[in-house]
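*Asks:* So the sequences go chain by chain: A and B. Just so you know, we're using the numbering used here here: the first sequence kicks off at 1 and counts up by one. Just so you know, we're using the numbering used here here: the second sequence kicks off at 1 and counts up by one.
Because the hints were derived from the structure by calculation, they are not lab data. We put the CB at the ideal spot given by N, CA and C, even for glycine. Please note: incorrect hints may appear among the correct ones.
[Said to hold, decoys possible] Under the rule of at most 30 Å between Cα atoms (straight-line distance), these lysine-lysine pairs were calculated in the BS3-like manner:
(1) B:Lys65 to A:Lys138
(2) A:Lys148 to B:Lys25
(3) B:Lys144 to A:Lys65
(4) A:Lys282 to A:Lys250
(5) B:Lys21 to A:Lys137
(6) A:Lys137 to B:Lys25
(7) A:Lys138 to B:Lys148
(8) B:Lys63 to A:Lys138
(9) B:Lys138 to A:Lys65
(10) B:Lys137 to A:Lys63
(11) B:Lys183 to A:Lys25
(12) A:Lys183 to A:Lys100
(13) A:Lys138 to B:Lys21
(14) B:Lys65 to A:Lys137
(15) A:Lys144 to B:Lys63
(16) A:Lys263 to A:Lys213
(17) B:Lys138 to A:Lys175
(18) A:Lys148 to B:Lys175
(19) A:Lys148 to B:Lys137
(20) B:Lys250 to B:Lys183
(21) B:Lys175 to B:Lys138
(22) A:Lys138 to B:Lys138
(23) B:Lys25 to A:Lys213
(24) B:Lys213 to B:Lys11
(25) B:Lys25 to A:Lys144
(26) A:Lys137 to B:Lys263
(27) B:Lys11 to B:Lys175
(28) A:Lys144 to A:Lys65
(29) B:Lys137 to B:Lys63
(30) A:Lys148 to B:Lys65
(31) A:Lys137 to B:Lys137
[Said to hold, decoys possible] Chain A side only, calculated, beta carbon under 7 Å to chain B, not exhaustive:
(32) His84
(33) Ile163
(34) Ala262
[What the hints assert, rightly or not] What the simulated footprint calls covered on chain B by chain A, stretch by stretch (three residues with Cβ under 8 Å from a Cβ of chain A suffice, anywhere in the stretch; the number is not a length):
(35) 19-31
(36) 112-120
There are 2 protein chains.
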Amino acid sequence: MKNYKEEKARKIQETEEIIRKYLPKEGGYQSTVIEAMNYSVEAGGKRLRPMLMQEVFHLFGGKTKAVEPFMAAMEMIHTYSLVHDDLPAMDNDEYRRGRKTTHVVYGECMAILAGDGLLNYAFETACQAFDLEEENKKVARAMKVLAKKAGIFGMIGGQTADIEAETLNEDQVTKELLLFIHKNKTAALIEASMMIGAILAGATEEEISAIEKIGYNIGIAFQVQDDILDVTGSLEMLGKMTGSDEKNHKVTYVSLMGMEKAKEEVKRLSDEAVILLKSFEKENEFLNELIKELITREK
Amino acid sequence: MKNYKEEKARKIQETEEIIRKYLPKEGGYQSTVIEAMNYSVEAGGKRLRPMLMQEVFHLFGGKTKAVEPFMAAMEMIHTYSLVHDDLPAMDNDEYRRGRKTTHVVYGECMAILAGDGLLNYAFETACQAFDLEEENKKVARAMKVLAKKAGIFGMIGGQTADIEAETLNEDQVTKELLLFIHKNKTAALIEASMMIGAILAGATEEEISAIEKIGYNIGIAFQVQDDILDVTGSLEMLGKMTGSDEKNHKVTYVSLMGMEKAKEEVKRLSDEAVILLKSFEKENEFLNELIKELITREK
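Only chain A is shown next, with the shape it has when bound in the complex:
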């Protein structure tokens, strides 16, 4: 694709505008929690999940505006998980994306409420799609996927297992457990984003299943690549201290399977995703490039 970089910049901008449109208005006696929510969402990030959602929506010829509230909802859910992750009782992080974390700026109490507020507002926002799409069944299906993949049988489940894995001995962390963690903590929201795009665009059951598999492969490959970069990356390229996993004695794909096998795994997962993506009648060149970039990124 010739002008992929420009196209991506334009699409990120467009995604930002859609997200901003659905953020709650500040004001009233509850203004502080809304400010904390908006501060957290506006801290930026790659906007990867809503972008994937919209691209899959376009791939299957989606036309309505119903995808927009779901794009915003997905980013709210991703953001709330970061706000709660950063809390003193969890990872106790003071900075994220170069900005002070929500609890540092607004206090712990307000950060808990802002996370709750974002999670709840995600569903409140997604509900707006019922007014934008005549076929309520499609919106209901998308809502179910959102709830499931974000919950205890999705992201929260992965988060729970991850936290408990930290208390295990290294030899207790099996490949099965590691895969469970990443399937749920990382891949679930990527699967959901892509599935919701497909569902709202009216894709068939088979297509939705294939998209879920593609989302899974992207999510896991993304995570394995992260583990690889943690070892091989340089300080300049990653913008953070590398080798942090090793320092924290964290079990990763690389420590469990070795560097070569990890690299092979990334290749296998991404090749499979590309083949599945090519099996559809229609094509979205930008989506192909985006996925390739995600998996083979070097920072």
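Place chain B on chain A using the hints.
*Replies:* Just chain B now, with coordinates in the frame of chain A:
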């Protein structure tokens, strides 16, 4: 009503069974968070909100099972708000309903996740109603009400204002602010419970509006009565130290308007609720009794 007490005991039992039916199964790598969620829900409580929902559903002739997942969802949302409220960064409570709070038993980290899990699972559960009620529009409307009244323009909004009010001087807490807090923190979920019952049963717009007003009156009267009992109640009757509001210098209806005016307000609100309730064609004697008991309770 002759056998109100037996009837109520039976209905609480029935409500408990419905809630339990929708609780997630424990097991898997994420079992701890599910155990913490179920521990929190099973800690008991009056099950007031789901009971009100079902009684209003019956009042308007509701027949399907679609109300059941919403009953469970409502109790999950109520419960998550208590779990997060009890956290060290919030009220730092070690006991609730005579049992150790969730973070005392499972740790702070797991209590945050369990609260998130319950909030998310509430929507996941409510989504099941789409399969139980042919008319998706009704379920979508009920979902909107659930999300709104639980969120920043409902319960979370009230919670935020309440927390900030604690840092204000007593003379800065106006009647308007106090009303905002209780409308949102206490009344919003009662309004939502009753409205969802009406919506799912196919009540008219006017009926839904009247029900919302009744829910509001019940919520506020319940809260004012709570403030009154905090002053007048005895240790035996309330099961907690009374006068705690005064000790905490908390501004209440009683401190703001005086005991007499507060009692008048409870009477005015409940009389109005009863008149509205009588304006419907159909009657639910048990619901009338339940509301009367709630407002005039002496413990």
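*Asks:* Each hint should be assessed against the structure and marked as holding or not.
*Replies:* Structure-based check of each hint:
no.: 1; hint: B:Lys65 to A:Lys138; result: 22 Å, holds
no.: 2; hint: A:Lys148 to B:Lys25; result: 14 Å, holds
no.: 3; hint: B:Lys144 to A:Lys65; result: 18 Å, holds
no.: 4; hint: A:Lys282 to A:Lys250; result: 42 Å, violated
no.: 5; hint: B:Lys21 to A:Lys137; result: 25 Å, holds
no.: 6; hint: A:Lys137 to B:Lys25; result: 27 Å, holds
no.: 7; hint: A:Lys138 to B:Lys148; result: 21 Å, holds
no.: 8; hint: B:Lys63 to A:Lys138; result: 25 Å, holds
no.: 9; hint: B:Lys138 to A:Lys65; result: 22 Å, holds
no.: 10; hint: B:Lys137 to A:Lys63; result: 22 Å, holds
no.: 11; hint: B:Lys183 to A:Lys25; result: 20 Å, holds
no.: 12; hint: A:Lys183 to A:Lys100; result: 29 Å, holds
no.: 13; hint: A:Lys138 to B:Lys21; result: 26 Å, holds
no.: 14; hint: B:Lys65 to A:Lys137; result: 18 Å, holds
no.: 15; hint: A:Lys144 to B:Lys63; result: 24 Å, holds
no.: 16; hint: A:Lys263 to A:Lys213; result: 20 Å, holds
no.: 17; hint: B:Lys138 to A:Lys175; result: 45 Å, violated
no.: 18; hint: A:Lys148 to B:Lys175; result: 42 Å, violated
no.: 19; hint: A:Lys148 to B:Lys137; result: 21 Å, holds
no.: 20; hint: B:Lys250 to B:Lys183; result: 17 Å, holds
no.: 21; hint: B:Lys175 to B:Lys138; result: 36 Å, violated
no.: 22; hint: A:Lys138 to B:Lys138; result: 15 Å, holds
no.: 23; hint: B:Lys25 to A:Lys213; result: 25 Å, holds
no.: 24; hint: B:Lys213 to B:Lys11; result: 24 Å, holds
no.: 25; hint: B:Lys25 to A:Lys144; result: 18 Å, holds
no.: 26; hint: A:Lys137 to B:Lys263; result: 49 Å, violated
no.: 27; hint: B:Lys11 to B:Lys175; result: 37 Å, violated
no.: 28; hint: A:Lys144 to A:Lys65; result: 19 Å, holds
no.: 29; hint: B:Lys137 to B:Lys63; result: 17 Å, holds
no.: 30; hint: A:Lys148 to B:Lys65; result: 21 Å, holds
no.: 31; hint: A:Lys137 to B:Lys137; result: 9 Å, holds
no.: 32; hint: His84; result: 6 Å, holds
no.: 33; hint: Ile163; result: 6 Å, holds
no.: 34; hint: Ala262; result: 22 Å, violated
no.: 35; hint: 19-31; result: holds (count 4)
no.: 36; hint: 112-120; result: holds (count 7)
In the structure shown, a violation is registered for the earlier hints numbered 4, 17, 18, 21, 26, 27 and 34, in ascending order.
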